[in-house]
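Colleague: Numbering (the working numbering), first residue to last: 1 to 350.
No lab work stands behind these hints, which were simulated from the structure alone. Hints may contain errors.
Derived CB-CB ranges, DEER-like [as the list claims (entries may be wrong)]:
1) 259 with 282: 16 to 26 Å
2) 326 with 236: 40 to 50 Å
3) 213 with 147: 12 to 22 Å
4) 230 with 323: 31 to 41 Å
With a straight-line Cα cutoff of 30 Å, these simulated DSSO-like cross-link-like pairs (lysine-lysine) come out [said to hold, decoys possible]:
5) 246 with 167
6) 167 with 98
7) 190 with 99
8) 280 with 153
9) 246 with 99
10) 323 with 96
11) 167 with 96
12) 115 with 99
Every residue gets a Cβ at the ideal spot worked out from N, C-alpha and C, and that includes glycine.
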Amino acid sequence: MGNRFMCMAKKDSRENGRGGASRSKRAERSKRRSAMEEELLQRQALAMAIQQHQLSQRFEGSMSRRIGPTASRRRNDLPESLNDSKQSLEILENIKTKKFVLIHGEGFGAWCWYKTVALLEETGLHPTALDLTGSGIDLTDTNNITTLVEYSKPLIDYLQNLPDDEKVILVGHSTGGACISYALEHFSQKIAKAVFLCATMISDGQRPFDVFAEELGSAELFLQDSKFLVYGNGKDKPATSFMFEKEQMWGLYFNQSPTKDMALAMASMRPIPLGPMMEKLSLTPENYGTSRRFYVQTLDDNALSPDVQEKIVRENPPEGVFKIKGSDHCPFFSKPQSLHKILLEIAQIQ
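From just these sequences and the hints, can you work out the full model?
Modeller: The structure is reproduced here in C-alpha cells:
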C-alpha cells in the first residue's frame with residue numbers, strides 16, 4: 001500500500017511538472033500568436049495604403065486604373081446634395097477648374113487622401129494625390145532631403161508638365177502648405193486656387209516650423225532637446241528628421257479619427273525631413289500675393305490649435321475662411337464629407 005501510494009505521488013508530481021511546462025508552452029505560443037497577429041495587421045494596413053495610393057492616381061476614364069468600380073459604391077455614402085444627379089451636373093457646370101492636386105502633410109503620403117479622392121471622383125472631378133519626396137511609397141531616404149525644393153519635387157514636376165492651357169486647384173494639408181506656397185510663388189499661372197487645410201500658410205521670410213512653434217516650442221529648443229529627432233548621418237552630425245511616437249501621434253493628429261484610419265497611418269507614416277521645415281520661404285507680392293488662397297480651419301485640432309489657425313489667417317489673410325466642427329488635424333479621416341462639401345464650394349467660387 002505504501003509502495004502504491006509512493007508511486008501515485010511520484011506520478012502526480014510528474015504530471016504537475018508536465019502541467020507546468022504545458023502552461024509555459026501555451027503562454028509562449030499565445031505570445032507568439034499575438035505578435036504574429038500584430039504583424040499581420042501592420043502588413044494589411046500597409047497593403048491598404050498601397051492600394052489607396054493607386055486609387056489616388058489621376059482618373060482618365062480607364063476603369064482598369066481604379067480600385068473597384070464606381071457603380072458598386074453606395075449612393076448613400078455621398079452627401080445628400082450629390083445623390084441628385086441633376087444637382088451634381090449643376091455643380092459640375094459651375095466648376096471651371098476640375099483638376100485637384102492633393103498635397104499631404106508631414107509624415108503622411110498620398111494614401112491619406114483616399115476618401116477625398118473617391119468623393120471627388122464620384123462628383124465627376126479629377127483628383128491627383130501626390131507622394132512628396134521620401135513620403136508614402138517614394139523610396140527616397142528621408143535623411144537625404146535637405147531643402148523644400150527637393151521635398152516638393154513631385155509637385156514641381158507635375159506643374160511643369162501641365163499643359164499651358166490648364167490650371168489646377170491645389171490642396172495642401174499641414175506642412176504641405178509650405179509646398180503649395182512655393183508652388184504659388186513659382187507657378188502661379190498654373191494654379192487657379194489654393195486651399196490650405198489646417199496648414200502652414202506662411203508669410204514672406206517665415207519657416208514652416210514657425211507655425212508650429214507655439215505647439216512644439218521654438219525651433220532652437222526643439223533641435224536641442226526633442227527626443228523625437230532622428231540622426232540619420234550619425235549622432236555627431238545635425239539631426240536630419242524627426243518622428244513622433246505612436247502615443248503622441250494619436251493625441252496630436254487622430255483624436256477624432258476612426259480606428260481603422262489610425263491603424264493605416266501607424267503602418268504608413270514616414271519620418272519628417274527637418275531641412276524643408278526649417279527653410280525660410282521667399283514670397284513676393286507679384287506672385288504669391290496675387291494668388292487666390294482659401295483656408296480651412298479644424299476646430300478640434302490638437303496639432304495646430306484653433307487659436308493658432310486664427311492667428312495664421314489674421315496675419316496672412318486669405319480670400320475665404322471655412323471651418324469644420326469636430327475635426328482633428330486629419331479631416332480627410334475624421335470629417336471627409338464636410339471637407340468634400342467645402343472643396344466643392346471653393347471650386348464653385350467665381
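Colleague: Give a verdict on every hint.
Modeller: The hints, checked one at a time:
At roughly 42 Å, the beta-carbon separation of residue 259 and residue 282 lies outside the given 16 to 26 Å, and the hint is violated. Range check, residue 326 to residue 236: about 46 Å between beta-carbon atoms, so the 40 to 50 Å window is met. Under the hint 12 to 22 Å, the C-beta atoms of residue 213 and residue 147, about 21 Å apart, fit the expected range. Distance hint check for residue 230 and residue 323: the Cβ-Cβ separation is about 35 Å, which falls inside the suggested range of 31 to 41 Å.
A C-alpha spacing of about 38 Å is found between residue 246 and residue 167, which places the hinted pair above 30 Å, so the restraint is violated. Distance check on the hinted pair: residue 167 and residue 98 sit about 9 Å apart at the alpha-carbon level, within 30 Å; holds. The hinted pair formed by residue 190 and residue 99 meets the criterion: a straight-line CA distance of about 11 Å does not exceed 30 Å. About 17 Å separates the Cα atoms of residue 280 and residue 153, which keeps this hinted pair within 30 Å; it holds.
Restraint check for residue 246 and residue 99: the C-alpha separation of about 34 Å exceeds 30 Å, so the hint is violated. For the hint linking residue 323 to residue 96, the alpha-carbon distance of about 24 Å falls within 30 Å, and the restraint holds. Taken as a hint, the residue 167 and residue 96 pair is honoured in the structure, with Cα atoms around 9 Å apart against an allowance of 30 Å. Proximity of residue 115 to residue 99 is assessed by CA-CA distance (about 16 Å); at most 30 Å being required, the pair is judged to hold.
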